[in-house]
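Protein chains in written order, with our numbering: chain A, 1 to 81; chain B, 1001 to 1475.
Hints may contain errors.
[To be verified] Chain B residues, not near chain A, derived (Cβ > 10 Å throughout):
{"#": "1", "residue": "G1018"}
{"#": "2", "residue": "P1317"}
{"#": "3", "residue": "N1334"}
{"#": "4", "residue": "R1435"}
[Said to hold, decoys possible] Taking lysine-lysine pairs in the BS3-like style, the calculated list, with each CA pair at most 25 Å apart, reads:
{"#": "5", "chain 1": "A", "residue 1": "K27", "chain 2": "A", "residue 2": "K5"}
{"#": "6", "chain 1": "A", "residue 1": "K27", "chain 2": "B", "residue 2": "K1223"}
{"#": "7", "chain 1": "A", "residue 1": "K14", "chain 2": "B", "residue 2": "K1223"}
{"#": "8", "chain 1": "B", "residue 1": "K1092", "chain 2": "B", "residue 2": "K1102"}
{"#": "9", "chain 1": "A", "residue 1": "K8", "chain 2": "B", "residue 2": "K1092"}
[Said to hold, decoys possible] Distance windows between CB atoms, simulated:
{"#": "10", "chain 1": "B", "residue 1": "G1048", "chain 2": "A", "residue 2": "G24", "range": "33 to 39 Å"}
{"#": "11", "chain 1": "A", "residue 1": "E4", "chain 2": "B", "residue 2": "F1058", "range": "43 to 49 Å"}
{"#": "12", "chain 1": "B", "residue 1": "L1251", "chain 2": "A", "residue 2": "E19", "range": "46 to 52 Å"}
{"#": "13", "chain 1": "A", "residue 1": "S15", "chain 2": "B", "residue 2": "V1069", "range": "30 to 36 Å"}
{"#": "14", "chain 1": "B", "residue 1": "K1045", "chain 2": "A", "residue 2": "D64", "range": "52 to 58 Å"}
{"#": "15", "chain 1": "B", "residue 1": "R1358", "chain 2": "A", "residue 2": "E19", "range": "45 to 51 Å"}
{"#": "16", "chain 1": "A", "residue 1": "S15", "chain 2": "B", "residue 2": "F1028", "range": "38 to 44 Å"}
{"#": "17", "chain 1": "B", "residue 1": "F1028", "chain 2": "A", "residue 2": "G24", "range": "27 to 33 Å"}
{"#": "18", "chain 1": "A", "residue 1": "S15", "chain 2": "B", "residue 2": "N1430", "range": "15 to 21 Å"}
{"#": "19", "chain 1": "B", "residue 1": "A1469", "chain 2": "A", "residue 2": "G24", "range": "46 to 52 Å"}
{"#": "20", "chain 1": "A", "residue 1": "D64", "chain 2": "B", "residue 2": "F1357", "range": "18 to 24 Å"}
{"#": "21", "chain 1": "B", "residue 1": "S1466", "chain 2": "A", "residue 2": "S15", "range": "45 to 51 Å"}
{"#": "22", "chain 1": "B", "residue 1": "E1257", "chain 2": "A", "residue 2": "S15", "range": "46 to 52 Å"}
{"#": "23", "chain 1": "B", "residue 1": "A1142", "chain 2": "A", "residue 2": "F12", "range": "37 to 43 Å"}
The set of hints was computed from the structure by calculation and includes no laboratory data. The beta-carbon is built from N, C-alpha and C at its ideal position, and this holds for glycine as well.
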Amino acid sequence: MDTEKKNKLRTFIKSYLQEHGDAGELKDDDSLFISARLDSLAMITLISFLEQTFGVNFGDVDFDVELIDSVNEIELFLDGG
Amino acid sequence: MRVWRDNFAIETHQGVVGFAQTIFGRVFLLLLFSIAYSAATEAWKPSGVVFAAAAFAFLPRYRTVIIFVATLGVLAKDPFWYGMEAIDYVMKQERLTSLSGKYSAYVALVSFFVCSLATLELVRRNKTLYVARRPVITLIAAVAVMSVTAAYPILHGTPLVLLWAFITVFSAYIWFLAYSLVDQRSRDRSPHLFQLGTFHPFWGSSSVPYGKGATFLRKTLAKTSGDLAVTQLKGLKLVLWTVVLLWLRKLLVWVFEVKLKIPDVAALQAFHVTGQGYSILVGWTAVVWATASDTLVLAIAGHKAVAVARLAGFRLPRNTWRPLQSRTLAEFWNRYYYYFKELLVEFFFIPTFLRTFRNHPRLRMFFATFMAAGIGNAAFHFIRDIKFVATQGLWDSIVSYQSYVFYTFVLATGIGISQVRMNSGAKPSNAFHARLWSFLCVWTFVVCLHVFGDETRVYTLWQRLSFMASLIGVK
Chain A
1 MDTEKKNKLR TFIKSYLQEH GDAGELKDDD SLFISARLDS LAMITLISFL EQTFGVNFGD
61 VDFDVELIDS VNEIELFLDG G
Chain B
1001 MRVWRDNFAI ETHQGVVGFA QTIFGRVFLL LLFSIAYSAA TEAWKPSGVV FAAAAFAFLP
1061 RYRTVIIFVA TLGVLAKDPF WYGMEAIDYV MKQERLTSLS GKYSAYVALV SFFVCSLATL
1121 ELVRRNKTLY VARRPVITLI AAVAVMSVTA AYPILHGTPL VLLWAFITVF SAYIWFLAYS
1181 LVDQRSRDRS PHLFQLGTFH PFWGSSSVPY GKGATFLRKT LAKTSGDLAV TQLKGLKLVL
1241 WTVVLLWLRK LLVWVFEVKL KIPDVAALQA FHVTGQGYSI LVGWTAVVWA TASDTLVLAI
1301 AGHKAVAVAR LAGFRLPRNT WRPLQSRTLA EFWNRYYYYF KELLVEFFFI PTFLRTFRNH
1361 PRLRMFFATF MAAGIGNAAF HFIRDIKFVA TQGLWDSIVS YQSYVFYTFV LATGIGISQV
1421 RMNSGAKPSN AFHARLWSFL CVWTFVVCLH VFGDETRVYT LWQRLSFMAS LIGVK
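Please model the complete structure; the sequences and the hints are all you need to start from.
Structure representation (structure tokens):
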């Protein structure tokens, strides 16, 4: 994933967190869902964003929350890791 | 309100957090927690659960053994927490006097734990098995096959009682096993003994796993001494808040049931069916009070469990979190019963959302919500109350479920519309009148729906609709 795409992802997650009253720092390896920082409804918003922005088809994936639990894990997933 | 709340944010004061990390501070915190917990449970004696939580927090090397032994200890104290109605009914029906119902339940419990252990090991070794890829469908299919087998005259006598005992236990633990099966896919999955320790864990639960499964518990576990102190202080605050809610409920019971003599909704429904009169004011007061009482009971039970889990070091979100502040139905669903909503989202919403209507965003959101809050909700409660298949028969138990199915479908439609609106960018205003309007809309919907969500299965959907109509003056 190039820097521009990663920045786009970071910006999306940060703005979602801010909209929901979380102004805390976001590190690339911070857990989003398993740590309960974001809930499952936020997960749906993130999945929709990834589908629309990066063209991912989650229907083809054996989905697990760990795949998209942090910026780094999303990067790894999008890069096919 | 915010200033008032900030005054109680003791976990944000460095001095308090530092003190809670000293030996004296830990003993003091444990003592306070123990006193508050005994008040919250009205047991008025030191609880083994509190000491198990403390041992789990302070002896990290032995956590797997502690969680397993503590959960086993709580199970030994209350081995029939899921109810024995089905077993007792079938024993009477089969006229079995030589077999003890409790003995059957013990056999079923041991068999279930052995089967679970074997399944976990099987899934760990082979992740391509159907049960590994689709654990929830497999488990629901297992309940369905066993229930149909038990409901038809294939088995008789002791084998039938033993099958019903196993179905009862399996239905009570099904969602705990589902979470554990899902965890087998994790890179850092927990050992089997830890998994079994999360099956109706020692800190408390219903058929809904409070704290979800090992995956969530592992990740929410406090990593540093400072984190642990903050988590435990939050646990202490929560258990103290539970005592306040308990006393608030007692006060409200005294006001509504003792002083105002407001009958419960079941009694009013019986009055309605038998043609006895009651005023509309009494009817609405009864329904509003029943909704408020159920919310308080749910909050108290959830807070007690989450508080103990926090004492053990799990940074768990609350089960019920300021439901009165819900601005939309979707938000209400999130705030009212968090762990039930998470279960439905994880096992019904996400699989549906990922696989259906990808090119129709609104329909996709609505359908996935409907599958969770409607179909998933109905399936969960039918399985939880599987005793009705034993006591009423398979067909009658489905027919008597009509009112609850109506409840789940209306709820799902409401939440689905709310979800679609939120997803389309609709945001409620923060003005006072808008907040008041949201509160009235959300809670009017919830109170009205409460009439149909009663789980006793005594009255038909038509009788409940007729009762609801009587509340708005329609005869």
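Proposed proximity, B/K1223 with A/K27 (alpha carbon, max 25 Å): 17 Å, holds
Range agreement (Cβ of B/N1430 with Cβ of A/S15, hint 15 to 21 Å): 18 Å, holds
Distance rule for B/G1018, whose beta carbon must clear each one in chain A by more than 10 Å: At roughly 22 Å from the nearest Cβ of chain A, B/G1018 sits farther out than 10 Å, so the non-interface label holds.
A/D64 versus B/F1357 beta-carbon gap, inside 18 to 24 Å or not: 22 Å, holds
Given hint A/K5 paired with A/K27 - CA-CA distance at most 25 Å: 16 Å, holds
Distance restraint evaluation - B/K1045, A/D64, Cβ atoms, bounds 52 to 58 Å: The hinted range 52 to 58 Å is violated for B/K1045 and A/D64, with Cβ atoms some 43 Å apart.
Range agreement (Cβ of B/F1028 with Cβ of A/S15, hint 38 to 44 Å): 42 Å, holds
CB-CB spacing for A/S15 and B/E1257 relative to the 46 to 52 Å hint: For A/S15 against B/E1257, whose Cβ atoms are near 49 Å apart, the range 46 to 52 Å holds.
A/E4 versus B/F1058 beta-carbon gap, inside 43 to 49 Å or not: Once the Cβ atoms are compared, 47 Å apart, the range 43 to 49 Å for B/F1058 and A/E4 holds.
Distance restraint hint 27 to 33 Å, applied to the beta-carbon atoms of B/F1028 and A/G24: Once the Cβ atoms are compared, 30 Å apart, the range 27 to 33 Å for A/G24 and B/F1028 holds.
A/S15 and B/S1466 - C-beta distance against the hinted 45 to 51 Å: 50 Å, holds
10 Å Cβ clearance of B/R1435 from chain A: 16 Å, holds
Hint compliance for this structure: hints 2, 3, 9, 12, 13, 14, 15 are not met, and every other hint is.
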